Each structure stands twice: as structure tokens, then as C-alpha cells.
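Undergrad: Sequence:
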Amino acid sequence: MFEVERNGYEAADNYLQTSIRFNTDNAAQRSSSFQLLGNVRYAAKKYGQAAMPYDSVNTSLSKKADSLQTEMRRPGTKAVFEADEIIYLYDSLLKLALTPEPERSNAVRNIAKIMRKQKGLKEEVSTGGSAAANATATADLFGNNTGTWYFYDVPRRANGFNSFREKFGDRPNVDNWRRSSSSSVANRRATPGGQTGTIPEPVGVEEKEKFDTTDISFDNLYSRLPISEERQLKTKLRINNALFKKALALHEQIEDYPEAIKYYEMVLENVDSGQLVTQSLFNLIHCYTKVGDTELANKARRLLTEKYGQSPQAKAANSNSPEQKAAAQKTTAANNTYKQVYNLFLEGKFKEATQLKQQADSSFGDNYWTPQLLYIETVYLLQSKQDSLANRQLDNIISKFASHPLAEKAKLIKEVLPRRKEIEDYLSKLEVTRATEERMVVPVTTPATKPGPVTTQTQKPSQPVAPTVAPKPVKDTVSTQLVESKVEKPSRFNLLPNASQNVAIVLENIDPAYVNEVLYSINSSPRKNSPVATVTAEKKKLKDNLFLVILRSPAFTDASAAYTYIEYFKPVASKQVLTWLDAAKYRYIIINDASLEALAQDPNMAEYEQLLKQTFPGKF
1 MFEVERNGYE
11 AADNYLQTSI
21 RFNTDNAAQR
31 SSSFQLLGNV
41 RYAAKKYGQA
51 AMPYDSVNTS
61 LSKKADSLQT
71 EMRRPGTKAV
81 FEADEIIYLY
91 DSLLKLALTP
101 EPERSNAVRN
111 IAKIMRKQKG
121 LKEEVSTGGS
131 AAANATATAD
141 LFGNNTGTWY
151 FYDVPRRANG
161 FNSFREKFGD
171 RPNVDNWRRS
181 SSSSVANRRA
191 TPGGQTGTIP
201 EPVGVEEKEK
211 FDTTDISFDN
221 LYSRLPISEE
231 RQLKTKLRIN
241 NALFKKALAL
251 HEQIEDYPEA
261 IKYYEMVLEN
271 VDSGQLVTQS
281 LFNLIHCYTK
291 VGDTELANKA
301 RRLLTEKYGQ
311 SPQAKAANSN
321 SPEQKAAAQK
331 TTAANNTYKQ
341 VYNLFLEGKF
351 KEATQLKQQA
361 DSSFGDNYWT
371 PQLLYIETVY
381 LLQSKQDSLA
391 NRQLDNIISK
401 FASHPLAEKA
411 KLIKEVLPRR
421 KEIEDYLSKL
431 EVTRATEERM
441 VVPVTTPATK
451 PGPVTTQTQK
461 PSQPVAPTVA
471 PKPVKDTVST
481 QLVESKVEKP
491 SRFNLLPNAS
501 QNVAIVLENI
511 DPAYVNEVLY
521 SINSSPRKNS
531 PVATVTAEKK
541 KLKDNLFLVI
551 LRSPAFTDAS
561 AAYTYIEYFK
571 PVASKQVLTW
581 LDAAKYRYII
591 INDASLEALA
601 QDPNMAEYEQ
611 LLKQTFPGKF
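Start counting the sequence shown at 1; every next residue gets the next number (the UniProt record's numbering).
A hint or two may mislead.
The following label-pair restraints were derived from C-beta to C-beta distances [as the list claims (entries may be wrong)]: (1) K299 <-> P617: 31 to 39 Å; (2) P102 <-> T18: 38 to 46 Å; (3) R302 <-> K117: 55 to 63 Å; (4) S403 <-> L121: 46 to 54 Å; (5) D387 <-> L611: 42 to 50 Å; (6) T99 <-> S363: 55 to 63 Å; (7) E230 <-> T99: 15 to 23 Å; (8) R302 <-> T18: 48 to 56 Å.
25 Å max Cα-Cα, derived DMTMM-like pairs, lysine to aspartate or glutamate [claimed, not checked]: (9) K46 <-> E255; (10) K95 <-> E230; (11) K540 <-> E508; (12) K351 <-> D395; (13) K540 <-> E609; (14) K541 <-> D593; (15) K95 <-> D215; (16) K575 <-> D293; (17) K45 <-> D66; (18) K585 <-> E347; (19) K575 <-> E415; (20) K351 <-> D582; (21) K351 <-> D387; (22) K236 <-> E85; (23) K236 <-> E82; (24) K45 <-> D13.
The set of hints was computed from the structure by calculation and includes no laboratory data. Treat the numbers as computed from the prediction; the structure is a model and nothing was measured. Just so it is clear, CB atoms sit at the ideal spot from N, CA and C, and this is done for glycine as well.
All chains, please: the whole structure from these sequences, using the hints.
TA: Written out as C-alpha cells, the structure reads:
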């Protein structure tokens, strides 16, 4: 269990196999070990290998929740296992068939020798001779142009096997009583039915070739190799059909969309046209949509429409049937609900967000989760020290959205999370004294200029002219107001385009926990530095629910240089740095230090941004 909790899947797999091997008396414990082994392999994305443990679980001995989980996972893992078997078998046969002689014949002889030894059979008596490169010519038993006797010519013997099977079908070797017994048992076994539904049937090829598996001879094994071009084509078709079936199981039954995308794309790489292509493109639209990649989803839809516009899949992708309308309405409702949950988390309304998410999950399941939603929920759980729940959501990000940039970030957090208490204890023991900020005493110098006129005014009343006293104070007050306005205007609102600037990210109505996460995301990313600017980031609170993340650099010598950096960083932030934060939740401004100080005294962001838009029309 310790290895499972720290994601040591390989070690956990080995321990569980050992437990199963030595546990022969405790049926409940053995069944529990099988189930845990299946869960470990499932979590490690070894779905095909998870089929055997899940199939061995005695669900009557499990808890209801565990039993239900096993029953739900069995069909998908079994489908992946069967597809993997076909892929491995025919890919191996194809590689062996493409091996030149005599290496090919030697390899088949070694395989036959190993298989006969495993069955407890004697070694086959070698007939000598080596296989020629061409095994496709129709052989005549009595007409031999090569001068080699038929039974010494391996390709001709293999061809004879194939010709016999085509004419008379599969006829097991019943001369040996051992083989006769095993073959009769094998023939009584029911053949498992193939999956139905959206799986296209192979074009002109059966899923598996039929061979006499009881005859472990060189000739029988060699006859299975797809040496001719026709058989190689059929073998490739079988592999592609198996790849599609695996992708479909990952897509519809296991719902691992990133893995399904990988195998659908493998099908498209191997096949140029046909039902496999149209169905793969159609399914890719859904998978890309589920992982949040609308750009690739639209690309797949365009390709399906442009190249296969008359196919049923293309018509379905662009139709408005009642079923699709209902599905679209459900999708819209789910997306709107989870967007509301996302906004509630960002605003710090955690209780409301948690309750609404629980209601949505009960209605929609986990089909409409996004990596951004799971990540901000994880940040909340970490802040509230609910590490086990946070760890579960990190696993969901990694497993469901493996191709998303947040998956790598989730992996890093999982690595550090077990050491959280150790790190917090270390930091709490540090004695950190923060240096006091040095402030320019600028306000003292400006009042010093004001007493000047006052002193001259006190000396002037000594003159005998009394009427002139009244107008002079009026002139002095006006001049002082002009002086004050000239001093105040540049300090607050004068943008000074030719002076040094800063770039700032405005975060409004966002909980401080996520403001800290923005700052951490930027500081920990090397992409914050452009080719011409090395940047440092800091946080500044203007008022409740209004923060700035200020990006400083000596390269921001004027407004033009600062805006050039915004053009660089804006797409980088949305795709690589702040991938968890909706781009509509933050905006960029440029601001100099004087305006920043004034904004801190009077945080009227709307007024400043209005001036920014007037000074730089069309930029902000």
C-alpha cells in the first residue's frame, strides 16, 4: 500500500504478484490482491495487463464500491488486452517475414524448439535445406526446376500447407492421440464474439488467421509468416483494425482520451482511406474536445468534411439531429455549471464552489472536467491542507489530461507533496528579518516651497498701501494650486511614454491564494524572460480583490519596449505559464513607478486604464 500511495507502481506490482503467488489459503485476501494489482496497472495505464487481475477478482468477496469498479473496468481492459495480443502477434510475424534468409528459418526453428520443449515434446527431426527468398510460387511435387527435393525446400513445403488449407480447410493432426485429445477440447471451446457498434469490420480480411495450434512443427509455424505481398497487406489490415479497436476501448470504455488520441492518430498514419479513417477522424473530434483542444478538434472536423464529405461520419459531425441537439444542450449546461464552479473557486467562495461541484459531478460525472478546474481545486485543497484529496485531483489531471501542460506541473507537485511537512517545519524554524523599504522623502520638499510666499506676504503689510493686501493672497492661492496640480499630475497620471516603464498584470476579484499562484507560476517559468528582457516579478496589493503582479526589467526603457514585451509574453502565458487561469480573468498594463505610487494611494484602476487607452489607442 505504501508503494501505491507514492505511485511506485512497478514495485507495488512486484509485491502484489508475490502476495498472490504465496497466498493459497485466504481467498478474500487473494481476491483483494488481484483487485489492487488491477488498480495499480490501471493507474499506470497498463490497461491490457490489468485485464487478467480484474478477471480473477471474486466480486462476491469485495466491498460493493470495489466490486462495482471492477465490473466497470473489466470490459475495457479486456478489449485492450485482446487488441494488444493481435497487434503483438501480427507485428512480430510481419517483422520476421521481412527478415532475410537464412536468419528467418533459423529463428522459426528456434521458436519451434522452445515451444516443443515447453509442451514436453521431443525435438523435431531436421530435414536440412534452407528457405529461399521467394515462398510464393505455386509448387509442383513432381516438377522441380531448382534441383531440390520437395521435402528439403522449406518455402515449397510452406506453400503446400497454405494450398491444402485453402482447399480443405483446417484439419488438425489426429494421428497422434495426445494431439487428438487436445484438439478436440480446443474445437469444443466457444469462439468469443467480436465487439459491435461503431467498430468497422476489416476490409476483406478476417481478424485472425486460423492455424492448427496443436501442430508445433517448423512447417506449420513457417506457413504462418506473411511472406507474399498479399498476405503482408492482410497482416497490416489486421494490425490497423486492432489499433482502432484499442483506441475505441480507450475512448468509449476506459475514457482515457489522451491515450485514445494516440492510437487513433496511429491508425491515420497507417491508413489513407476507408471506414477506419472516417471513423477515426470522427472519434478524434470528440477526444480533442474532451481534452480541451478545440483547435485540433476543428482541424479534424474540417479534414473529415473536406476529404470525406459524403461519409456518414462527416454528415453526423455536421448534422443537427435531435440526439445531437440534446447532447449539445447537455454539454452546454455542464460547461456553464463547471465554469461557474471555476469562477467561485477563483473568487474565494470555496464552500459554494465545493457544493456546486458535488452537485454537478452527481449529474454529469467526470466527463466535463477541465484541467484548469481540477488545478484550481487542487490549489484550494492544498491551502486547506487536504493533501489526500489534492493528491487525488493531481492524479486525475495526470491521467485524464496527460498531454496538457498542467500534467507536468501536477507531477512536480506530487513529488514535493509528501515532503510538505518537512519543508514547512524547516521554513518555520528560519529566522527571517525583512529589510525595511527605503522611501524617498519627496513630499517634504514640496511643502517647503509653499512657506516662501507666505514669509514675503508677512513683510509686505508694513507698507502703507492697505488695499493691495486683498488681491495678493488671491494671486498666491491660484499660483499654489497650479503648482500643486503640476506636481500631482505627473506623479499619478502622467504616463511619460519616453521614461522607464513596468509591465503589470491586473488581477481583479481573485482570491489571494490564486494571486500567489500567479506569482509563483511566473517566477518559476524560464519563459518569463524574453530574448531581450530579463524579468523579475513581484506582487502588489492595491485594495481588497485588486492586485498587481509587476514585471520589472532594465530593458523596459520606454513604453514601446514594455509593450513589445507584452506582445511576447501574452501568448506564452496563456499556453505555457498561466495555463490554469482563464485569459479573461487578467489583463496587461504598462505603468511607471510614479504612477504606480499614485495608484497605490488612490487605487482608481478604471481611471488609470482610461488614460492608458487614450494615450495608446488600440493597444489596451
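Undergrad: Confirm or reject each hint.
TA: Here is what the structure says about each hint:
In this structure, K299 and P617 meet the distance hint of 31 to 39 Å, their C-beta atoms being roughly 35 Å apart. A beta carbon spacing of about 43 Å between P102 and T18 agrees with the range 38 to 46 Å that was offered as a hint. Remark: the range hint 55 to 63 Å for R302 to K117 is upheld by a beta-carbon distance near 56 Å. With their beta carbons about 49 Å apart, S403 and L121 fall inside the hinted range of 46 to 54 Å.
Between D387 and L611 the Cβ separation comes to about 46 Å, which falls inside the hinted range of 42 to 50 Å. Separation of T99 from S363 is about 56 Å and conforms to the stated range, judged on CB atoms against 55 to 63 Å. Roughly 19 Å separates the CB atoms of E230 and T99, a value that falls within the hinted 15 to 23 Å. Taking the beta carbon of each, R302 and T18 are about 53 Å apart, inside 48 to 56 Å as hinted.
For the hint linking K46 to E255, the alpha-carbon distance of about 14 Å falls within 25 Å, and the restraint holds. With a C-alpha separation of about 15 Å, the suggested pairing of K95 with E230 holds against the 25 Å cut-off. Between K540 and E508, the direct Cα distance comes to roughly 12 Å. Compliance with the 25 Å bound is thereby established for this hinted pair. Under the criterion of a C-alpha separation no larger than 25 Å, the hint pairing K351 with D395 is consistent with the structure, at around 23 Å.
In summary, the hint linking K540 to E609 is supported, as the alpha carbons are separated by about 17 Å, within the 25 Å threshold. Among the hinted pairs, K541 with D593 is consistent with the structure: their alpha-carbon atoms are about 15 Å apart, no more than 25 Å. For a cut-off of 25 Å, the pair hint linking K95 to D215 stands: about 22 Å separates their Cα positions. With a C-alpha separation of about 11 Å, the suggested pairing of K575 with D293 holds against the 25 Å cut-off.
A C-alpha spacing of about 19 Å is found between K45 and D66, which places the hinted pair at or below 25 Å, so the restraint holds. For the hint pairing K585 with E347, the CA-to-CA distance comes to about 11 Å; that is within 25 Å, so the pair holds. As the CA atoms of K575 and E415 are separated by approximately 23 Å, the hinted pair is consistent with the 25 Å bound. A distance of roughly 21 Å separates the Cα atoms of K351 and D582; the hinted pair therefore holds under the 25 Å criterion.
Using a Cα cut-off of 25 Å, the hinted pair K351 and D387 holds, with the two alpha carbons roughly 17 Å apart. Note on K236 and E85: the hinted pairing holds, with a Cα-Cα distance of about 14 Å set against a maximum of 25 Å. Restraint check: the Cα-Cα separation between K236 and E82 comes to about 17 Å, which is no more than 25 Å; the hinted pair holds. Restraint check: the Cα-Cα separation between K45 and D13 comes to about 13 Å, which is no more than 25 Å; the hinted pair holds.
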